[in-house]
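Undergrad: All chains should be built: construct the whole structure from the sequences, respecting the hints.
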Amino acid sequence: MNQKKIDQMTYEEALNELEKIVSELESGRAELDKSIELYTRGSQLKDHCDDKLRSAEEKIAMVAKESGKIKLQIKPTSKDTSNDN
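Counting from 1, one number per residue, gives the positions in the sequence shown under the numbering used here.
Don't take each hint at face value.
Unchecked claim - Straight-line C-alpha distance at most 25 angstroms; calculated DSS-like pairs for lysine-lysine:
(1) K65 - K75
(2) K5 - K20
(3) K5 - K46
(4) K46 - K59
Said to hold, decoys possible - For each label pair, taking beta carbons as the anchor points, the in silico distance ranges come out as:
(5) G28 - A64: 24 to 34 angstroms
(6) A61 - L32: 35 to 45 angstroms
(7) I6 - A61: 17 to 27 angstroms
(8) M62 - D33: 38 to 48 angstroms
(9) Q8 - K65: 26 to 36 angstroms
Because the hints were derived from the structure by calculation, they are not lab data. For every residue, glycine included, the Cβ atom is placed at its ideal position computed from N, Cα and C.
TA: As structure tokens, this is what we get:
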């Protein structure tokens, strides 16, 4: 399978692949080694999607601030709210 480099993917491409990975993992059909490989790629795709969303939120906030007309409240993502135990 020729996988596209994650850093070159759009948000939509990464989310689509992540949904396929989740579906395959949930099916229980993949062998252990393949499941580990899928989980690893899925984790990387999730992080990529989080980064893309955070970047988009920052751009929207900047535009809103510059226009001075829109007040925007950005909710933290799971990365922003993770607890260090």
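Undergrad: Hint by hint, note whether the structure agrees.
TA: So, going through the hints one by one against the coordinates:
no.	hint	result
1	K65 - K75	holds, 16 angstroms
2	K5 - K20	holds, 16 angstroms
3	K5 - K46	holds, 14 angstroms
4	K46 - K59	holds, 20 angstroms
5	G28 - A64: 24 to 34 angstroms	violated, 45 angstroms
6	A61 - L32: 35 to 45 angstroms	holds, 43 angstroms
7	I6 - A61: 17 to 27 angstroms	holds, 25 angstroms
8	M62 - D33: 38 to 48 angstroms	holds, 44 angstroms
9	Q8 - K65: 26 to 36 angstroms	holds, 30 angstroms
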